[in-house]
Amino acid sequence: MDLKEWFNNRKKNNEIKQAKQILSTEEYCALWVSCFQCRELLYSRDLRNNLNVCPKCQYHFRIGAYDRIEQIADANSFCETENDLVSSDPLKFFDTQSYVDRLNDATNKSGLKEAIITGTCTIQGLPAAIAAMDFAYFGGSMGSVVGEKITRLIEMAIVKRLPVVIVSSSGGARMQEGILSLMQLAKTSGALKLLHEAKLLYISILTEPTFGGVTASFAMLGDIIIAEPGARIGFAGRRVIEQTIRQKLPPDFQTAEYLLKHGQIDMVVERSKIPQTLHRLIEFHQNSVPQALNVEKLKNSPLNHVKV
Amino acid sequence: MDLKEWFNNRKKNNEIKQAKQILSTEEYCALWVSCFQCRELLYSRDLRNNLNVCPKCQYHFRIGAYDRIEQIADANSFCETENDLVSSDPLKFFDTQSYVDRLNDATNKSGLKEAIITGTCTIQGLPAAIAAMDFAYFGGSMGSVVGEKITRLIEMAIVKRLPVVIVSSSGGARMQEGILSLMQLAKTSGALKLLHEAKLLYISILTEPTFGGVTASFAMLGDIIIAEPGARIGFAGRRVIEQTIRQKLPPDFQTAEYLLKHGQIDMVVERSKIPQTLHRLIEFHQNSVPQALNVEKLKNSPLNHVKV
Amino acid sequence: MTSNKLPPLDFELPLSNLNSQIEALERQLPNNPQLEQEISELYKQYESLKKTIYGNLRAIDRLAIARHPNRPYTRDYLERFDPNWLELHGDRHGVDDMAMVCGLVKLDNYKVVVVGTQKGRNIREKQLCNFGMPQPEGYRKALRCFKHAQKFNLPIITLIDTPGAYPGMAAEEHNQAQAIAFNLFELADLTVPVISVILGEGGSGGALAIGFTNTILMLENSVYSVISPEGCASILWRSADKVQDACEAMKITALENKELGIVDEIIPEPLGGAQSGWDEAAANTKKCIIKHLELLSKETDLVKHRINKYRKIGFYKD
Amino acid sequence: MTSNKLPPLDFELPLSNLNSQIEALERQLPNNPQLEQEISELYKQYESLKKTIYGNLRAIDRLAIARHPNRPYTRDYLERFDPNWLELHGDRHGVDDMAMVCGLVKLDNYKVVVVGTQKGRNIREKQLCNFGMPQPEGYRKALRCFKHAQKFNLPIITLIDTPGAYPGMAAEEHNQAQAIAFNLFELADLTVPVISVILGEGGSGGALAIGFTNTILMLENSVYSVISPEGCASILWRSADKVQDACEAMKITALENKELGIVDEIIPEPLGGAQSGWDEAAANTKKCIIKHLELLSKETDLVKHRINKYRKIGFYKD
Ligand SMILES: [Zn+2]
Ligand SMILES: [Zn+2]
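Protein chains in written order, with our numbering: chain A, 1 to 308; chain B, 1 to 308; chain C, 1 to 318; chain D, 1 to 318.
Worth flagging that the hints you see were computed from the coordinates, not collected in a lab.
Keep in mind it's a predicted model, so treat the numbers as computed, not measured.
Heads up, a few of these hints could be off.
[To be verified] So these bits of chain A aren't anywhere near chain C, every CB distance computed over 12 Å: (1) 41; (2) 43; (3) 55; (4) 71; (5) 77; (6) 94; (7) 97; (8) 238; (9) 270; (10) 285.
[As the list claims (entries may be wrong)] Label pairs and their in silico Cβ distance ranges: (11) B:239 with A:276: 27 to 35 Å; (12) D:87 with B:67: 22 to 30 Å; (13) C:45 with A:276: 51 to 59 Å; (14) A:67 with C:170: 41 to 49 Å; (15) C:131 with A:283: 31 to 39 Å; (16) D:48 with B:273: 49 to 57 Å; (17) D:131 with A:48: 41 to 49 Å; (18) C:147 with A:38: 38 to 46 Å; (19) D:300 with A:66: 38 to 46 Å; (20) D:308 with A:86: 18 to 26 Å; (21) D:280 with B:67: 44 to 52 Å.
[As the list claims (entries may be wrong)] DMTMM-like cross-link-like pairs, simulated, lysine to aspartate or glutamate; straight-line CA separation at most 20 Å: (22) D:304 with D:264; (23) C:291 with C:264; (24) D:258 with A:89; (25) D:106 with B:283; (26) C:317 with B:80.
All residues carry an ideal CB built from backbone N, CA and C; glycine is no exception.
Put together the whole structure using the sequences plus the hints.
Written out as structure tokens, the structure is:
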């Protein structure tokens with residue numbers, strides 16, 4: 001799915017939302033979505049009931065952060081953290097529109113305050129720290145808030161000794177925060193190093209699409225890395241590469257399956273099997289964690305920043 | 001140089017030796033060697049005075065372990081260790097000839113007791129533990145004695161806090177000691193791990209030829225890896241690879257220069273510059289070693305085996 | 001289990017002939033009921049002969065069994081150890097070498113990381129797995145999983161069945177020697193228990209690269225050698241016919257390796273070799289691994305234990 | 001120092017014109033000695049104009065200076081820091097990426113490991129160095145040298161001058177993203193002092209991959225940004241003409257980076273930029289590095305210092 005398709009998709013989703021506001025009876029809700037991959041016309045409610053996976057071709061539609069967490073976390077187990085953390089405009093950035101306006105637009109379009117949701121939950125009974133990115137908010141771009149929320153989540157996980165699951169979906173760093181965005185790569189990677197030294201499990205889940213600064217930091221640092229089928233994942237975008245090397249790339253380039261074949265990820269797991277896979281992975285690693293480790297022993301940890 | 005050339009070379013060397021025994025005046029010693037690479041006829045004493053490097057094409061002739069140490073160590077500084085360690089025949093190995101006979105032949109031909117010489121020396125004033133392999137003894141193959149002498153050298157270096165320099169030249173593991181030879185790869189690598197944990201410098205020098213079990217263990221584990229120009233270095237032999245992949249290999253395949261280009265070694269250094277390069281490397285790393293470390297702190301070290 | 005009809009191994013010929021005799025008589029049995037006694041006798045002979053033959057295998061016979069195309073491979077063992085095992089893929093640097101299988105496996109109450117070489121069963125699999133010969137990237141994939149185990153304090157089990165590291169052009173270019181050497185270097189000071197099992201072929205440095213372990217187990221008919229018997233014969237005897245001599249001279253069998261102090265325990269195979277009973281081979285292997293995990297749990301310093309084990313190997317006059 | 005005759009940068013045009021005037025008059029001087037006064041006046045004007053121009057550079061002017069083809073590159077600095085520096089090569093896994101230069105260097109009494117990106121001077125060098133854009137293998141070569149420094153307790157200096165990590169097909173296949181991420185992960189807890197200097201272009205993740213350090217220094221006319229101004233302009237303004245706007249908006253200059261709390265100190269360049277005085281640029285850089293090595297030697301916990309430095313970066317409403 002390229003950006004154009006994504007815009008079309010978003011337009012359709014908006015139509016669905018708007019439609020929902022107007023229509024009241026179930027019959028009228030029978031809106032149809034055409035599968036991006038196989039073109040099959042899908043009844044939108046059926047699609048949603050199937051976790052937004054096309055029942056015909058298994059195309060995994062992009063989903064929002066809260067939907068993602070709902071699919072993974074046990075019912076009512078999710079407890080959101082740092083929901084008040086929102087972006088400021090440190091660079092007073094203005095291109096064709098001001099960053100402040102773009103932030104407001106992003107919130108209006110997605111209903112979210114930022115491109116990531118963090119919190120704690122249980123996954124089939126096992127506690128975990130979890131984050132999910134939302135491409136619908138500013139293309140899932142990472143600015144100060146995304147970096148800070150991830151870092152705080154990881155620090156909380158260290159203190160509470162929880163495994164960390166991060167579901168990525170991002171176009172990369174947020175240009176409107178300039179160099180501050182770039183530095184979030186270092187900040188989140190540093191936090192993950194502390195998690196690593198605390199011997200805690202970090203599972204990274206890559207979903208359509210994950211690129212740029214997000215893959216070049218926390219998304220590629222999982223102890224275990226999982227990708228959804230068909231998800232496009234990479235460092236540089238396809239067009240940038242094609243312009244650079246002046247040749248066409250193979251169709252499967254940068255897909256989850258390509259990454260698996262090229263040794264970059266541990267497994268491709270279809271959406272419906274993600275919760276049980278996470279459960280098994282967390283269960284497998286939890287008893288092996290030495291219990292003696294505690295915060296005080298992390299001599300280098302700047303955990304004075306943590307709000308628990 | 002292939003094996004046939006090497007045999008020819010050895011034959012010539014023998015002729016030279018034999019000649020030396022008979023002739024008494026300098027004029028008669030004017031024996032000539034044809035350069036393996038450029039075919040130039042070289043006066044053998046000139047060649048030797050030039051460190052056995054062809055003055056015309058810089059071809060680096062193979063040299064013996066004692067010659068090697070003489071070139072690297074300061075005059076009279078070399079103090080040999082473990083010279084009494086000699087091979088036994090644990091497998092009672094017999095092919096077309098017994099292993100015991102082959103060992104005797106190797107000693108007669110090379111004047112050495114084993115394929116490696118170890119000891120301590122100074123290199124332009126700086127102390128070091130040093131080992132040099134000798135291809136003329138049993139093709140420089142590694143059996144129990146080579147593995148044991150290297151391991152003891154490393155253990156001594158840990159105790160005395162010396163940098164280690166090993167000059168390799170080997171066809172690989174010694175088949176006549178079967179699995180015991182293979183295990184020397186693990187033994188020497190384990191010793192190097194202890195050296196590493198003691199934060200001591202290990203410089204590996206690869207010379208024509210270094211293959212098989214020796215590259216698959218200590219030779220490729222240098223903090224710094226140096227190779228002599230033109231030296232052939234690899235895991236599998238050229239013919240085995242050609243038979244396996246059924247195609248011709250490029251002429252520079254497995255040369256020192258090929259390895260440099262392919263990121264496997266740090267530098268190619270001509271023979272005459274090896275002593276000063278070693279000196280600079282040892283000098284560079286010596287002050288940075290924390291002085292606090294001592295043997296007792298190496299909790300995992302089996303240094304009870306060390307004879308100092 | 002596959003039941004490919006394959007020609008018998010050399011030393012199995014008498015058994016195979018006897019079997020043909022029995023089958024011929026059985027075909028005549030409906031019309032000649034008096035043959036029953038004779039068939040029964042031949043069955044007894046067959047069982048007795050099988051015991052005799054498998055009780056007197058030469059090294060070259062064991063080599064043939066170790067390489068038997070119906071012998072269970074790493075994945076066959078993993079499925080029997082833990083049908084829910086989770087596979088980990090890739091070296092993270094561009095390659096997922098299928099000749100090296102890695103996974104998270106439960107052995108009863110033990111959670112372990114398994115790393116093993118994998119041969120292929122059919123042509124396509126064989127090519128995918130490069131006939132069980134890992135590339136440097138395979139060893140680096142293994143190393144990544146060793147480090148994973150180290151982080152989570154999980155014991156490591158390595159399953160070895162490889163002719164050796166692949167001797168190819170790209171393999172050399174990507175520094176096959178360093179891949180093996182660096183695994184040895186990194187295996188040296190892992191603080192978790194590490195156990196290796198030679199399932200079939202233990203081929204040289206390519207086997208040792210995942211075989212520098214606290215405990216080495218060998219299946220009864222597996223072999224472990226510094227070079228392939230064929231390679232040894234061609235270099236030392238300059239003759240491909242001398243494989244049997246090379247097998248004998250190098251002492252490649254499990255028993256000889258145990259006598260040399262390399263191997264800690266030999267895992268029994270079903271009569272007729274592991275290829276004739278995958279479940280039994282896997283059960284015996286699992287049982288033996290668990291036994292040694294329990295033994296190692298009593299060791300206070302597994303690094304020292306491991307380094308010392310190899311420190312002592314070698315014979316020389318001092 | 002090379003002295004390629006190159007067309008002047010845009011903002012240097014007035015200077016260049018004045019220079020042409022002076023040269024024209026000087027040619028007439030032998031026959032017209034009375035011109036000497038005028039020439040002398042013009043010289044003063046020239047110097048004054050140069051100061052004015054270089055005292056009022058826009059972000060896009062600095063970008064041009066940062067990319068100036070005569071600007072000194074990493075190797076030029078290294079030669080001036082220590083003519084006897086020893087280069088280390090390769091990632092040990094098959095590639096020696098020339099876009100990443102690594103070596104053992106003495107800075108007066110300090111022994112350090114230097115890791116830096118390298119652009120090429122002439123066409124052949126540019127191709128060898130891939131125009132200063134490392135492949136994943138380049139970052140892994142850097143990491144190997146970081147670990148070398150860690151083992152021997154040597155400070156690390158990284159010199160940054162790169163448009164970014166190479167966006168190529170093989171680079172993606174070999175996991176460029178992971179190469180950068182893993183360097184960040186490993187840089188995080190090095191216990192030695194790590195100082196980075198932006199020499200010219202600090203391009204995005206490709207720069208940060210060797211720039212997660214205790215101290216960040218920038219040369220006066222260097223730039224550091226999350227994406228190239230061209231990339232930013234084409235994405236946000238959808239116009240290649242808006243590079244200047246992108247430069248201003250992203251705050252890419254040394255001064256702005258210092259104001260944002262990213263950069264610790266700005267290293268002065270000779271008037272006219274580092275390209276007009278390599279020795280001076282190198283001397284200033286060396287002096288500043290040594291000053292900060294001394295400052296860091298007073299830090300008791302360099303890991304905490306480093307992680308905390310980045311931990312604090314970011315603006316948000318809480
Ligand atoms: Zn579909
Ligand atoms: Zn010559």
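Going down the list of hints, with the structure as the test:
no.: 1; hint: 41; verdict: holds, 36 Å
no.: 2; hint: 43; verdict: holds, 35 Å
no.: 3; hint: 55; verdict: holds, 27 Å
no.: 4; hint: 71; verdict: holds, 20 Å
no.: 5; hint: 77; verdict: holds, 23 Å
no.: 6; hint: 94; verdict: holds, 40 Å
no.: 7; hint: 97; verdict: holds, 39 Å
no.: 8; hint: 238; verdict: holds, 18 Å
no.: 9; hint: 270; verdict: holds, 15 Å
no.: 10; hint: 285; verdict: violated, 5 Å
no.: 11; hint: B:239 with A:276: 27 to 35 Å; verdict: violated, 52 Å
no.: 12; hint: D:87 with B:67: 22 to 30 Å; verdict: holds, 28 Å
no.: 13; hint: C:45 with A:276: 51 to 59 Å; verdict: holds, 54 Å
no.: 14; hint: A:67 with C:170: 41 to 49 Å; verdict: holds, 44 Å
no.: 15; hint: C:131 with A:283: 31 to 39 Å; verdict: holds, 36 Å
no.: 16; hint: D:48 with B:273: 49 to 57 Å; verdict: holds, 52 Å
no.: 17; hint: D:131 with A:48: 41 to 49 Å; verdict: holds, 48 Å
no.: 18; hint: C:147 with A:38: 38 to 46 Å; verdict: holds, 41 Å
no.: 19; hint: D:300 with A:66: 38 to 46 Å; verdict: holds, 44 Å
no.: 20; hint: D:308 with A:86: 18 to 26 Å; verdict: holds, 24 Å
no.: 21; hint: D:280 with B:67: 44 to 52 Å; verdict: holds, 49 Å
no.: 22; hint: D:304 with D:264; verdict: holds, 17 Å
no.: 23; hint: C:291 with C:264; verdict: holds, 12 Å
no.: 24; hint: D:258 with A:89; verdict: holds, 17 Å
no.: 25; hint: D:106 with B:283; verdict: holds, 11 Å
no.: 26; hint: C:317 with B:80; verdict: holds, 17 Å
This entry does not satisfy hints 10, 11, going by the numbered hints stated previously.
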